[in-house]
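S.K.: Chains G and B supply the protein sequences, listed in that same order.
Taking the numbering used here, the leading residue of the first sequence gets 1, the next gets one more, and so forth.
Taking the numbering used here, the leading residue of the second sequence gets 1001, the next gets one more, and so forth.
Please note: incorrect hints may appear among the correct ones.
Computed footprint of chain B on chain G, listed as stretches where at least three residues anywhere in the stretch have a Cβ under 8 Å from a Cβ of chain B [claimed, not checked]:
(1) 128-141
(2) 158-165
(3) 257-267
(4) 281-290
(5) 400-412
Listed below are several chain G residues computed to face chain B (Cβ distance under 8 Å; list not exhaustive) [to be verified]:
(6) D41
(7) D42
(8) P45
(9) V46
(10) S50
(11) M253
(12) Y276
(13) Y321
(14) I323
(15) W429
(16) N432
(17) A436
Because the hints were derived from the structure by calculation, they are not lab data.
Cβ coordinates follow ideal geometry from the N, Cα and C atoms, glycine included.
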Amino acid sequence: MKSLKIICPNGHLGFAPLKRESFRLGVAEKPDYIAADSGSDDIGPVPLGSDTCASPKAWQRHDLEEMLLAARELDVPMLIGSAGDTGSNSRVDMYVEMIREIAAEHGLAPFRIGWFYSELDKELVRAKIRSGSEVTGLDARSPLSEAELDDTTRIVAMAGVHPYRALLEQGCDVIIGGRSSDSAIFAACALHHGFPEAQSYYLGKVLECASFCAEPYGAKETVLGEITQDWVEVTAMHPGQRCTIASVAGHAMYERSNPFHEYVAGGLLDMTDCRYEQVSEKTTRVTGMKFIPAEQLRVKLEGSGKVGERFVGMAGIRDPYTIAHVDEVIDWAKTQVRDRFGPDGWELHYNVFGRDGIMGAMEPLRDRPAHELMVVVQGVAPTREMAEEVAMTGTRQLFYARLPDVKGTAGGVSFVFDEVMQASPAHRWTVNHTMAVDEPLELFPLHTAEIGA
Amino acid sequence: MSVKKLSDLAKTIRSKNAGTDKITFDVIFREAEAYELVKRSGALTRETVAARLRIDPQRITDFVEYDPAFAIKFTILRDQPSGSAGDGDIFGAQQYAPFLDLEVDTAA
């Protein structure tokens, strides 16, 4: 095989539906693979901790249906990574089930599906720590402690190319992956056909966010990547978009701290010496990438722990005197909660929009609040009943705050709702670490089945 | 001295999560001239970024001048992981605003 083509229609499958026109143009190019990642840690720790999705099932099903019908029509493999936002076991099962349903609904000819899981038993991680093999913190975190592990509800391991390659070798037509490095999903296809690691991982890197590597800006449009032994080319499928040197080079920096280096399980993609060349109106060619294999195989772990049940309230402030003293108003409300529930065992969080609700302590203009404020109150506690009362007290007592010189003594804040609303339970990212493994498949159990047989 | 705002010189000024514990900022220019000018001016350095965001310079983990895209890119550690209760910007997507009116000395 001299070259291989992959299309990617969506940078986070399910988060918003793919755009059909450019997808069908991509399918018309007769790609060898159709692939997309469905996960992200951008969505915060709640979906992983509570084992839910951040996206409606209808949007996920929409994209899976478009991709499955196209892949079966072309008779090429379809790969999905990080099923259902988090790649937890239940999300993988859900996607496999959706594939079965779509296949039955359309009466598709028999095909082979493969899937793998990424969830980790906490006790396996504990055994690693106790054996002296440090679970190393990323991004300035300390090594993982058993206490932090105890506070963790669910952990997923980030798969590299290994489980995808193993399932491709078993002849799977559709692969549903647990949590995965997004670039690995695409790289696995290229490696399966013997293309070099550097070009293969770069292909994955440039395709993983679909049209984010094209301009003008427009998400959820399909892009096509082509790999040879020497180069990678990427082409925008949307009639109004192009992959330019600026858009492709610019995408290498997106959502990562360093534009030159991409770490995956098994090594490092080095883009420092990449060269970009506009080879046609919509296509940019990239050469000069390198891959440096890791000396030790380490797998990234993501973990989320439940902090407590959560309710949310809101209060507005218009009186300039009260705005100037909003911290005292908040302190009053916190004191009422403390009097009721004691000094700990609950949390109250206040975001003061109109002052520093978005940036907090980093806000340069926090001493110049707007003429009206919106205070968002979050109460967190072990039970729903208590969280509701903490949030209600923390919100309603803003109304009764005692400021010495306030003119308006009939109520200190405005309410859009005089109620508090149940929100998702509060969670925290407890694990952002790497763990050494001996064998790349040991954390990712593989399964296959025939569908429609 | 002749002064321009960064938002008048850059094509893109954005921020976004880089994993659960960091926020990364991209300042991208349309052409080499504006990019080189801002680099020369000293308007964007680890020190000016730390001052603008009122953070300890130790929290800046990366500061990169990325020639292939005419971009200056820097990354900071969050004070708590994204999406913890009280985080006002789970995606880190609105943290770039203080850089829009950063002053750049165009005579540099």
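S.K.: What are the numbers of the hints the structure violates, in ascending order?
M.R.: 2, 4, 5, 10, 13, 14, 17
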